[in-house]
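Protein chains: 2
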Amino acid sequence: MEPIIELLNQTKEWFDPSLEGIFDDSNKDFITAKASMYSLCSGGKRVRPCFMYVVGRMLNCDMDDVLVFARSLEMIHTYSLIHDDLPCMDNDDLRRGKPTCHKVYGDNFATLAGDCLLNRAAELVLKLVMKKPQYAYAAYKMFQCSGIDGMLGGQDLDLSSAGHKISSEVLHELHTRKTGALLECAICTPVYLLDGDSSTEILRVLTNLSKNIGLAFQIKDDILDLTADEETLGKTAGKDLRDDKPTYATVFGVERAKLMLEAELDSAYANLDSIDYYGFDSKELRLIVDYVANRDR
Amino acid sequence: MEPIIELLNQTKEWFDPSLEGIFDDSNKDFITAKASMYSLCSGGKRVRPCFMYVVGRMLNCDMDDVLVFARSLEMIHTYSLIHDDLPCMDNDDLRRGKPTCHKVYGDNFATLAGDCLLNRAAELVLKLVMKKPQYAYAAYKMFQCSGIDGMLGGQDLDLSSAGHKISSEVLHELHTRKTGALLECAICTPVYLLDGDSSTEILRVLTNLSKNIGLAFQIKDDILDLTADEETLGKTAGKDLRDDKPTYATVFGVERAKLMLEAELDSAYANLDSIDYYGFDSKELRLIVDYVANRDR
Numbered sequence: 006m007e008p009i010i011e012l013l014n015q016t017k018e019w020f021d022p023s024l025e026g027i028f029d030d031s032n033k034d035f036i037t038a039k040a041s042m043y044s045l046c047s048g049g050k051r052v053r054p055c056f057m058y059v060v061g062r063m064l065n066c067d068m069d070d071v072l073v074f075a076r077s078l079e080m081i082h083t084y085s086l087i088h089d090d091l092p093c094m095d096n097d098d099l100r101r102g103k104p105t106c107h108k109v110y111g112d113n114f115a116t117l118a119g120d121c122l123l124n125r126a127a128e129l130v131l132k133l134v135m136k137k138p139q140y141a142y143a144a145y146k147m148f149q150c151s152g153i154d155g156m157l158g159g160q161d162l163d164l165s166s167a168g169h170k171i172s173s174e175v176l177h178e179l180h181t182r183k184t185g186a187l188l189e190c191a192i193c194t195p196v197y198l199l200d201g202d203s204s205t206e207i208l209r210v211l212t213n214l215s216k217n218i219g220l221a222f223q224i225k226d227d228i229l230d231l232t233a234d235e236e237t238l239g240k241t242a243g244k245d246l247r248d249d250k251p252t253y254a255t256v257f258g259v260e261r262a263k264l265m266l267e268a269e270l271d272s273a274y275a276n277l278d279s280i281d282y283y284g285f286d287s288k289e290l291r292l293i294v295d296y297v298a299n300r301d302r
Numbered sequence: 006m007e008p009i010i011e012l013l014n015q016t017k018e019w020f021d022p023s024l025e026g027i028f029d030d031s032n033k034d035f036i037t038a039k040a041s042m043y044s045l046c047s048g049g050k051r052v053r054p055c056f057m058y059v060v061g062r063m064l065n066c067d068m069d070d071v072l073v074f075a076r077s078l079e080m081i082h083t084y085s086l087i088h089d090d091l092p093c094m095d096n097d098d099l100r101r102g103k104p105t106c107h108k109v110y111g112d113n114f115a116t117l118a119g120d121c122l123l124n125r126a127a128e129l130v131l132k133l134v135m136k137k138p139q140y141a142y143a144a145y146k147m148f149q150c151s152g153i154d155g156m157l158g159g160q161d162l163d164l165s166s167a168g169h170k171i172s173s174e175v176l177h178e179l180h181t182r183k184t185g186a187l188l189e190c191a192i193c194t195p196v197y198l199l200d201g202d203s204s205t206e207i208l209r210v211l212t213n214l215s216k217n218i219g220l221a222f223q224i225k226d227d228i229l230d231l232t233a234d235e236e237t238l239g240k241t242a243g244k245d246l247r248d249d250k251p252t253y254a255t256v257f258g259v260e261r262a263k264l265m266l267e268a269e270l271d272s273a274y275a276n277l278d279s280i281d282y283y284g285f286d287s288k289e290l291r292l293i294v295d296y297v298a299n300r301d302r
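Chains as they are written, first to last, in my numbering: chain A, 6 to 302; chain B, 6 to 302.
These are computed hints drawn from the structure, not numbers from a lab.
Treat the hints with care, as some may be off.
Identical copies carry no separate label here, and so any pair may be met within one copy or between two of them.
[Unchecked claim] For lysine-lysine, the following BS3-like pairs were computed, each having C-alpha atoms within a straight-line distance of at most 30 Å:
1. 137 to 17
2. 263 to 137
3. 103 to 170
4. 39 to 216
The whole structure should be built from the sequences, with the hints applied where relevant.
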């Protein structure tokens, strides 16, 4: 088995059972709760939990506490997908090959399910903060990453720029926020759990690494959409171009996008070396970067 | 001026300027932020902030801290209205005589604005909890009240029961959750800020009082809809009956609903007496109960 697949499977074994406890006997029969669980358990790769799992173990964190944050972050990610798929947003009927939340439960309950997941994410971390007040900073940073200064700001830029030509700066800002903010949260949260603040050297390296990985992944995605054949890609190729969607490959051209990808990957490997230099084992993070560098679909 | 109007005006003087600080220069120009502020500043009566203001002063709380919670709670209330008004939910074009958020900013940005307000409410209270960890319980209770165990559960019941006959138990559960939970939060939060837990006698009395006020207000509303003439009511009378909406007046009949209203008001006044007995001044809370008892529109 590919090492990255093994790592993702290991994450699922650690992470997925924790989803059972999100609703209890007093509320699990509400349609809203069922719709929430439907989307949470619809075959996500658990990329964000995987980052938290890897960094949490690398830093020797209390993994039960990391799990609470990983669960809340995945709930936030899932709520954003549910609302993004709504007819008034991207209007997607399928996600990961399954009907989207609103196709199964209706637009009204899908709206409530998204709200419920965001709200419950706050409940779950606050319950932990009550016991361990030193985690208040990590909890705050998580909601900062998912809010207007992070993910929601990126979604706003995405909606605002639909059908317009956008500058490379806006494109960059859009991706840094829309997907980058939650990845950064996943990678940096374990540091906050250890220190209760943001003053360490390792935090700086991990923050930079998270930006490298997020951007490299997106640029690669955009290049593949333009250059891969459909059989390799496993989905419709050239879709971005036909949709007139600004991407790294369409805004900068494939050649320049490839150079940008190389630069992000070089920087990622340099940051991995720094992690080793600071005395931590970057082995599993390296697997992730290797995967982003080598994937062809 | 009527004393209740004076109290609401006083609340607004205390509360409304704090809304300025919700977004800052780095994010206030996002359409999502503008849509959020549009709904936050669209003429709400500030009922929940008023409850927090009254109880906070009665208990001699730090009113700056109460203000943070009042603002977050009003943001949560506002997000629920924005999403409730969406075409896929209640499909309302007007609220308080002004176009609803999605009529002005579109369904997509209204969805994001609701998400943004809920998320930002979490950010604001967590920022305070970082400085004052003893407030973690109050913050947790707030999101419990707005989640599936409170308001969202009530919205779920409301959607689930549309077009069905519902039992008096479900009707009661629906209102206790849908509007009661945030009122309870408004009245009880100042107690949590003082004590950091929920063990006091005054909390029991205030919790009961909040239920009395919430139910009395709703029952009165339902009775007025059936019995008041349109000129007095200032809106279309008999709407609930025509919409086949289950209300206290339609499910129990007007006479029995009037008896239930009396019972809630009697209990409210008894709880006000208890507050005085415990050495606090219930004067302003009494104004609110008097208003609910005597209003004819």
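Point to revise | Alpha-carbon proximity context of residue 137 and residue 17, limit 30 Å | key: Within one copy only: 26 Å inside, 36 Å across.
Practice item. Classify it for me, residue 263 with residue 137: is the Cα-Cα distance of at most 30 Å met within a copy, between copies, both or neither? Key: Classified as neither: same-chain Cα gap 45 Å, cross-chain 48 Å, threshold 30 Å.
Review point. For the identical chains here, do residue 103 and residue 170 meet the 30 Å Cα criterion within one copy, between copies, both, or neither?
Key: Result: close neither inside a copy nor across copies, 32 Å intra and 34 Å inter.
Point to revise | Same-copy or cross-copy closeness of residue 39 to residue 216 [CA-CA at most 30 Å] | key: between (34 Å within a copy, 28 Å between copies)
Consistency with the previously given hints fails for numbers 2 and 3, ordered from lowest to highest.
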